[in-house]
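Modelling step: build the complete structure from the supplied sequences, incorporating the hints.
Counting in my numbering, the sequence shown runs from 84 upward without gaps.
Please keep in mind that the hints were generated in silico from the structure rather than gathered at the bench.
Note that beta-carbon positions come from the ideal geometry of N, C-alpha and C, so glycine has one too.
It cannot be assumed that every hint is accurate.
Unchecked claim - Label-pair restraints from in silico Cβ distances:
(1) Ser-244 <-> Thr-176: 20 to 26 Å
(2) Pro-263 <-> Pro-157: 33 to 39 Å
(3) Asp-249 <-> Ala-196: 29 to 35 Å
(4) Pro-157 <-> Ser-248: 23 to 29 Å
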Amino acid sequence: VNATKHEARLVRYNGNDETVQIPEFYRDYPVTSIDRNAFSGNTAIKEITFSSTNTTVDEYAFMNCTALETVYIPENVVNFGDRVFAGCTSLTTVTMLSDIVSMPTNMFSGCAALENVTLNENIAEFSYGCFNNCSSLTNLDFVTNGVLLQPYAFNGTGAESVILSDSLLAIPDYAFTNCPNLKYVTI
Numbered sequence: 084v085n086a087t088k089h090e091a092r093l094v095r096y097n098g099n100d101e102t103v104q105i106p107e108f109y110r111d112y113p114v115t116s117i118d119r120n121a122f123s124g125n126t127a128i129k130e131i132t133f134s135s136t137n138t139t140v141d142e143y144a145f146m147n148c149t150a151l152e153t154v155y156i157p158e159n160v161v162n163f164g165d166r167v168f169a170g171c172t173s174l175t176t177v178t179m180l181s182d183i184v185s186m187p188t189n190m191f192s193g194c195a196a197l198e199n200v201t202l203n204e205n206i207a208e209f210s211y212g213c214f215n216n217c218s219s220l221t222n223l224d225f226v227t228n229g230v231l232l233q234p235y236a237f238n239g240t241g242a243e244s245v246i247l248s249d250s251l252l253a254i255p256d257y258a259f260t261n262c263p264n265l266k267y268v269t270i
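Okay, here's the thing in structure tokens:
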């Protein structure tokens, strides 16, 4: 609890529940942040639900949560560290309505089971390795508004085709390497 800022942070979760609701309040203070490594390495959690007071998820917060399958991120969560969900090998579905314009570095890197991704339409930058080695990810329709791609953004995905924005500034080296099914890129 930070009484000066009138907020609380979730520092560490040690439970073994399959479904976790991030609390709205702790001792009458809004829970605004999920700290670095707060859930990392948890092997029980399958589903995470954020509350309306949560705005920030620090780096590695859910990294290597190997049972995690579904994540719904509402509009109010707008600050993300790097590798938040990296290594969540069972993650299949992500709905991210956050009003962010840049997908964080390695956000979903190594999420090999990831198949379904819904993002807000304002994401203009796909940062370094954000979907690196998401080998089950075949549909990249959410990339169509991107104007900036970083290296390895979609390295190792299962994409067969991709339609890129006509406003795209450049396709960097390695953005789509190790994509054995990729046959068509439309700009």
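Could you work out which earlier hints the structure fails to respect and list their numbers in ascending sequence?
-> none
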